[in-house]
Amino acid sequence: MRRINIAGIIALLIVMAAPCWCQNGSDGKSVSKKTLDNGLIVIVKPEQGSGLVAIAAMVKVGVGQESIQTAGLGNFVSRLLLASTRAKSAEKVASAADAAGGNIGSEWERDLTSIRTVTSSSGFDRTMNLIGECLAEANFEPKWVEHGRKDLLAYIRSQSADPFDRAYSDMRQLLYEDNGYRRPKSVSERAISLATPQDLKQFFAMYYPPNNIVLSIVGDVTAEHAFERTRRAFAGVVARKLPIDRGVPDESLDKPKSQISEVNSNTAYLLTGWLAPAAGSADYAAMAVAANALGGGKGSLMFREMRQRQGIGYEIGVIYPKLRYQSHIVAYVITDPFKDAKPKVSAQDTLQAAQNALMKLVDKLKSEQLSAEELQRAKGYAIGAYSLEHQRILNRAVLLGWAETIGLGYAFNQQYSDIIGAVTAADVQHAAKKYFTNCATVMLSPKQN
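Residue numbers (the working numbering): 1 to 449.
Keep in mind that a hint or two might mislead.
Unchecked claim - Cut-off 27 Å, straight-line C-alpha distance, at most; resulting in silico cross-link-like pairs (DSS-like, lysine-lysine):
hint	residue 1	residue 2
1	Lys433	Lys322
2	Lys360	Lys433
3	Lys298	Lys433
4	Lys88	Lys33
5	Lys143	Lys92
6	Lys434	Lys255
7	Lys255	Lys344
8	Lys322	Lys434
9	Lys434	Lys257
10	Lys241	Lys34
11	Lys360	Lys434
12	Lys339	Lys366
13	Lys257	Lys322
14	Lys433	Lys257
15	Lys364	Lys447
16	Lys241	Lys150
17	Lys360	Lys322
18	Lys33	Lys322
19	Lys298	Lys364
20	Lys322	Lys366
21	Lys257	Lys88
22	Lys434	Lys298
23	Lys201	Lys88
24	Lys255	Lys366
25	Lys366	Lys298
26	Lys366	Lys447
27	Lys322	Lys364
28	Lys150	Lys201
29	Lys255	Lys143
30	Lys433	Lys364
31	Lys360	Lys344
32	Lys360	Lys257
33	Lys433	Lys255
34	Lys34	Lys322
35	Lys92	Lys255
36	Lys241	Lys92
It is worth saying that the hints were derived from the structure and are not from the lab.
Please work from the sequences and hints to get the whole structure.
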């Protein structure tokens, strides 16, 4: 989990009137969408003159779609998509990627799996052929399965060693009861240890037909050429019956929950979380503004009141992921409990003081409307942060495909600033009252000698 201080850059973007991705000519009017005969959805956004093309293939399966029985298999499959195909060995796949002029990688995410790359305009056709082959004919050879198993288990164990990742994982387990987003790493580790090549092939056959894929293409290519090359790359690949998507019902936190643990560190961590609306919810925009008013940037309530005035924490902020199903908001404070500590004040006391200060700010959001200045700052921060995500051509392809894949529609990218901009102070207060109710709290404090 990376926590990046982008407040200064975002402040500059707030001063600028328009979101940067619109300035790059990425407005929705130039985006074309086509559904091929086999159900594959293709979205193309031409950006002439760069000589580059970004391709993001999104498969509609992620952590949120996994059951307790299959938890971990999707991650395993995603790491082997580019290992080899029925027609190409691993060496030939790597050689084909090099010949196309681009590095190709795969990602396993909360709501989807992706293959993504940036290639040259001249290498676009070859890259499309390679992506089509990997998504249609991935081959799970036993030797690559064992190699992938070793790498993935090492990755999971290294992530578990990071205190913040550990606290965030614990938080999700407190917030959710029956949702893939809560999966503990130990569940995935067990499934990955036991998975056979046949298990991976069955998972691939179930979730990777073309009618479960969105292909997003952004760059120096015409829509007509992109559609035709995609059709050729997936020629002969037929649609198949998909698993029934029953969705994931919203849950509620009936009472506050807490977990207190120790960590081998001089740093203490406080995470406080609430269940929050999905990205497609009518309440999403108001809650996004509320989250940014609380902890988004140096003008937020948390930064001004807790860090500047009370000196609590050296790193603070809020996490609110844009998810297909019910999401969550997590406010975090990272502090050195021994710096300037008063006699007989423990690390636990320091974290409790931070929790008390945070809850006062949350109560303020519920009892008082934001001022016009606070509202504008929070909305500008949200828009600026989303703008920053569109700076790179690959990110633009990924975000275009992501919005389509999770059901928002590709136009969400263009509409985002308008959706956030329409939020009123009354909307924020109403959302805060509705969602900032029972919370979950995770505290990690240094072990006592």
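Against the structure, the hints:
Proximity of Lys433 to Lys322 is assessed by CA-CA distance (about 20 Å); at most 27 Å being required, the pair is judged to hold. With a C-alpha separation of about 14 Å, the suggested pair Lys360 and Lys433 falls inside the 27 Å cut-off, and the hint holds. A distance of roughly 24 Å separates the Cα atoms of Lys298 and Lys433; the hinted pair therefore holds under the 27 Å criterion. Note on Lys88 and Lys33: the hinted pairing is violated, with a Cα-Cα distance of about 31 Å set against a maximum of 27 Å.
For the hint linking Lys143 to Lys92, the alpha-carbon distance of about 16 Å falls within 27 Å, and the restraint holds. Pair hint Lys434 plus Lys255 holds up; C-alpha atoms about 15 Å apart against a cutoff of 27 Å. For the proposed pair Lys255 and Lys344, the alpha carbon gap of about 31 Å is over 27 Å, so the pair is violated. Restraint check for Lys322 and Lys434: the C-alpha separation of about 18 Å stays at or below 27 Å, so the hint holds.
A hinted pair counts as satisfied when its Cα atoms are at most 27 Å apart, and Lys434 with Lys257 qualifies at roughly 18 Å. Annotation: proposed proximity of Lys241 to Lys34 holds, straight-line Cα distance about 20 Å (limit 27 Å). As the CA atoms of Lys360 and Lys434 are separated by approximately 17 Å, the hinted pair is consistent with the 27 Å bound. Simply put, Lys339 and Lys366 have alpha-carbon atoms about 32 Å apart, too far for the 27 Å limit, and the pair is violated.
Pair hint Lys257 plus Lys322 holds up; C-alpha atoms about 23 Å apart against a cutoff of 27 Å. Restraint check for Lys433 and Lys257: the C-alpha separation of about 19 Å stays at or below 27 Å, so the hint holds. For the hint linking Lys364 to Lys447, the alpha-carbon distance of about 34 Å lies beyond 27 Å, and the restraint is violated. Using a Cα cut-off of 27 Å, the hinted pair Lys241 and Lys150 is violated, with the two alpha carbons roughly 33 Å apart.
Our distance criterion of 27 Å between C-alpha atoms is met by Lys360 and Lys322, whose separation comes to about 26 Å. A C-alpha spacing of about 23 Å is found between Lys33 and Lys322, which places the hinted pair at or below 27 Å, so the restraint holds. Distance restraint check for Lys298 and Lys364: the Cα-Cα separation of roughly 18 Å lies within the 27 Å cut-off, and the hinted pair is therefore satisfied. This hinted pair checks out: Lys322 and Lys366 have alpha carbons roughly 22 Å apart, not beyond 27 Å.
With a C-alpha separation of about 51 Å, the suggested pairing of Lys257 with Lys88 is violated against the 27 Å cut-off. Restraint check: the Cα-Cα separation between Lys434 and Lys298 comes to about 26 Å, which is no more than 27 Å; the hinted pair holds. Between Lys201 and Lys88, the direct Cα distance comes to roughly 17 Å. Compliance with the 27 Å bound is thereby established for this hinted pair. A hinted pair counts as satisfied when its Cα atoms are at most 27 Å apart, and Lys255 with Lys366 qualifies at roughly 18 Å.
At most 27 Å may separate the alpha-carbon atoms for a hinted pair to count; Lys366 and Lys298 meet this at roughly 21 Å. Taken as a hint, the Lys366 and Lys447 pair is broken in the structure, with Cα atoms around 36 Å apart against an allowance of 27 Å. The suggested pairing of Lys322 with Lys364 holds, with an alpha-carbon distance near 25 Å, which does not exceed 27 Å. At most 27 Å may separate the alpha-carbon atoms for a hinted pair to count; Lys150 and Lys201 meet this at roughly 18 Å.
Simply put, Lys255 and Lys143 have alpha-carbon atoms about 48 Å apart, too far for the 27 Å limit, and the pair is violated. With a CA separation close to 10 Å, the supplied pair Lys433 and Lys364 stays within the 27 Å bound. Annotation: proposed proximity of Lys360 to Lys344 holds, straight-line Cα distance about 25 Å (limit 27 Å). Note on Lys360 and Lys257: the hinted pairing holds, with a Cα-Cα distance of about 18 Å set against a maximum of 27 Å.
For the hint linking Lys433 to Lys255, the alpha-carbon distance of about 16 Å falls within 27 Å, and the restraint holds. Proximity of Lys34 to Lys322 is assessed by CA-CA distance (about 25 Å); at most 27 Å being required, the pair is judged to hold. At most 27 Å may separate the alpha-carbon atoms for a hinted pair to count; Lys92 and Lys255 exceed this at roughly 55 Å. Proximity of Lys241 to Lys92 is assessed by CA-CA distance (about 31 Å); at most 27 Å being required, the pair is judged violated.
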